[in-house]
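Participant: Since the structure of chain A is already known, use the hints to place chain B on it.
Heads up: the protein sequence lines correspond to chains A and B, in order.
Using the numbering used here, read the first sequence as starting at 1 and increasing by one per residue.
Using the numbering used here, read the second sequence as starting at 1 and increasing by one per residue.
No lab work stands behind these hints: they were computed from the structure.
Because the structure is a prediction, the values reported are computed rather than measured.
The C-beta atom is built at its ideal place from N, Cα and C for all residues, glycine as well.
One thing to keep in mind: the hints can contain errors.
To be verified - Cut-off 20 Å, straight-line C-alpha distance, at most; resulting in silico cross-link-like pairs (EDC-like, lysine to aspartate or glutamate):
#1 K43/A - D60/A
#2 K85/A - D32/B
#3 K116/A - E47/B
#4 K30/A - D43/B
#5 K40/A - E75/A
#6 K62/A - E46/A
#7 K39/B - E128/A
#8 K136/A - E47/B
#9 K39/A - E69/A
#10 K40/A - D73/A
#11 K39/B - E7/A
#12 K39/B - D126/A
#13 K39/B - D49/A
Unchecked claim - A few chain A residues that don't get close to chain B, going by computed Cβ distances all over 12 Å:
#14 S19
#15 E61
#16 Q65
#17 R68
#18 E69
#19 G71
#20 D73
#21 E75
#22 R76
#23 E78
#24 L84
#25 Q92
#26 S140
As the list claims (entries may be wrong) - To be clear about the criterion: a stretch of chain A counts as covered by chain B if any three or more of its residues have a C-beta under 8 Å from a C-beta of chain B, and this derived list gives those stretches:
#27 4 to 18
#28 21 to 34
#29 45 to 59
#30 97 to 111
#31 126 to 139
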Amino acid sequence: MLEQLLERYPDQVKLIFLSFPLRNHQFSKKAAIAAFAAKKQGKFWEYHDRLFQNVDRLGDEKFLQIAREVGLDMERFEKDINDLKIVARINQDIRLGAYLGVRATPTVFINGRVSKARTLEALQVDVEMELRKVRKEVKSEGKG
Amino acid sequence: MNRTIKMTLFPFILAVVLGFLSYAPASAQNTDLSVSPSKGPADAPVEIAVFSCFQ
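Same shape as in the complex, but just chain A (with noise of 0.2 Å):
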């Protein structure tokens, strides 16, 4: 969904990605810590959309196999999901979450502010009211 809007709309959104893997997911933590890990070799979304396409079948296993399918140097990626700078990076998206109040995922923010958005159509609404904000912006600084 959010792909077809970055479709719709290539020169005026941007798609940031933050962990928040929930607790009760034995493996969303681990999941994330090699979505990183891959990120370090360039291929953050190409192990990203992997990993969703495997969601029911993740575990250590699972993990170098998507790491070798998108073509990780696989010495490096081995070392990297040990890397205690990712996973204080993670902690530090869950820790950016709770004080935003997220209890759910996927929770999304539109320019900061948390949209309920549902659908294609009600996210469009809303990015096309935030594209409106800032033309009016734009306009009342080009007449200041």
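Facilitator: Quick look at chain B alone, frame taken from chain A:
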């Protein structure tokens, strides 16, 4: 004796709790989103941040 221990511990516990409460928001606000995985133009007027869980 018990009363003395309680009176000594109370300020300590209060300091720890207050310290944590002030640290957590400050730490959260310092999150640098520019290093988070992203797609789309860096200067896009609309930023959509999504908190996700892979499972």
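Participant: What hint numbers does the structure not satisfy?
Facilitator: 4, 14 and 25
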